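S.K.: Residues per chain are reported as follows:
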Amino acid sequence: MSPRAATHLVAGLLLLAYPLVASPFFVFQIGAYSLILGTIALSLMILAGYGGMVSLAQMMVAGVAGYLVAILGTNESGLLGFGWPWWLYVPVAVLIASVVASLIGLLAVRSAGIYMIMITLAVATAFFYFARQNYAVLNGFNGFHGVVPPHAFGIAWRRPIPFYYLCLAVAAAFYAAALYGERSTFGLALQAVRDNPRRMRALGFNVPALRVFAFFLAGVIAATAGVLLVWFNSQISPGTISVAAAIDTLVIAVVGGIRRPAGPYFGALLFAVLQNFAIDLIDPERFNTVIGIVFLAVVLLSPDGLLGLFARLRNAVPTRSFAEPEPARPAGAVPQRSRI
Amino acid sequence: MSDAVALSLDEAGAHALDLVGVGRRFGALTALADITLSVRAGERRAILGSNGAGKTTLFNTITGDFPPSSGRIRFFGEDVTHFPAHERIRRGLRRTYQISLLFDGLSVIDSIFLACRGVSRRRFSLLRPRRDDATRAQAEQLLHAVRLDDARDVAVGQLSHGQKRQVEIALALAGAPRFILFDEPAAGLAPTERRDLVAILTALPAHIGYIIIEHDLDVALRVAERVTMMHNGRIFKEGTPDEIEADAEVQAIYLGGAHG
Ligand SMILES: Nc1ncnc2c1ncn2[C@@H]1O[C@H](COP(=O)(O)OP(=O)(O)O)[C@@H](O)[C@H]1O
Ligand SMILES: [Mg+2]
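Just so you know, the sequences run in chain order G and Y. Its first residue numbered 1, the first sequence is counted upward by one per residue in full-length UniProt numbering. Its first residue numbered 1, the second sequence is counted upward by one per residue in full-length UniProt numbering.
Hints listed in this document are in silico derivations from the structure and should not be mistaken for laboratory results. This structure is a prediction, so every number in the text was calculated from the model and none was measured.
Covered stretches of chain Y, going by a simulated chain G footprint (3 or more residues, C-beta under 8 Å):
#, stretch
1, 77 to 88
2, 102 to 114
3, 126 to 136
If you want the ones that stay clear, here's a sample from chain Y, every Cβ over 12 Å from chain G, calculated:
#, residue
4, Asn51
5, Ala187
6, Arg226
Yeah, the Cβ is synthetic: ideal placement off N, Cα and C, and Gly gets one too.
Take the sequences, apply the hints, and build the full model.
M.R.: Quick look at the structure:
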């Protein structure tokens, strides 16, 4: 077994066993929450790490899916709530939110770098203000409450342990899809566009279409996590999709490590722990300062975030328990994983 | 079919490239002025000219890296003046870049694989290519053809200058090219690497034509049947390599330094 497969096996077993040892609070408030935030940040990692496109609209895409769940399903705010069954409103909400993500992509993909960040931030901010002022459909400042997971297959999914496993299944599926997709034709093409869009055009690729498709795929991930997020909070309001929340997503992905799919989950875990416990230690007003300082420290110590920090710690330990002997390689040559 | 139609079709079919009055300005600077140029299918042409003559700009307008400010461009008879770059490439046009434009984070084989995939189907496939995938086999062949077998899994960013130039060539040969634009492919290469390059160019199938921009006359005059001279954004002479070498005006402007 390769060291990578072994790491995944151990991590998988730990995640599966976690609810057996943790209290319901830890299972739900830390476990499920980290998995949801991590998945939203994963959608950003895919755009930024593979595609070189930093979008601040991923939390908004999650929010669109969350609002749709409240509107198409049931809520206790006395507005709309069509009462559709979960197997209908979940796919419809994810699909519509992913189309919205593609439209954002369509606006954003002709710009790059700081301009793309500004365009996606502008869209997210506009949607936040729209949601706050629109009482006819989005119920304005109050949003929707009483939006809970269904009772399906004989399981009450709103209970902490089932809900944790639901989040784990979704996160694991998207994480595995990202690792697989990294080596797919589209995944390679996306990384090539990140490195050199002009050359990709000169190889016959329609670069804007490729980028919009990446926004769509990342949209599916963010939207699915958005459904889990509205169930987790059992409510959605403009606060869920505020500018601060959009920036938190970026911070989570960058602090965890933007180059690999595992990064966002580590970032999300750190964020969830700080959010839950920093408040006990210090006055809530200072919470953002603490988060800011911790994150600044991680990024300053390691430009590759927590993942980079782990890699350095591992390399500092001389014994390599599972490592196979290193093959000799020409000086200066860095082997790439190539399986095409 | 009338004779006139037959003639025009025949002519369109015989020419890989037809440029009529192509110009390109950058603000006040006229980088290309009124370029009219025809290259037959399968023809091998060299373009010579001093730095800043507009040679690279000419390539950029032909491939669609940016559009010309004026004029028309036909590729195998089809007006491609306003086509996006990827559409021209899918029709069989290829190019290399004077300064390597590669994917530093990808391995050599992955880069070549993408070049082959870019001109075939399933460009956006979310599946990994299967072991028996035809594009994969093409990429392996091309890797071998440009003698990069030893660097197969190395990240392009880690390659030597000479190896990067070989990747440039491989990307331009992917798929079924009909016409290739080589922008100073020999720049910065060692003498043995130049010999390899000349061998690759002369071994190309006869139906594949190309234009090569090359300062090294040893290379340029060996791999081209006709030579076009450019200066200040204009074409000022065209002829066989012998005619060009013997031309007094060319000697004065261009070869003076090299032969002096
Ligand atoms: N993208 C650009 N923007 C502005 N000026 C350019 C650009 N590309 C080329 N030029 C100018 O056009 C002229 C021709 O350049 P180029 O085509 O690169 O010459 P050559 O390849 O013959 O050395 C030069 O004066 C160059 O500075
Ligand atoms: Mg040039």
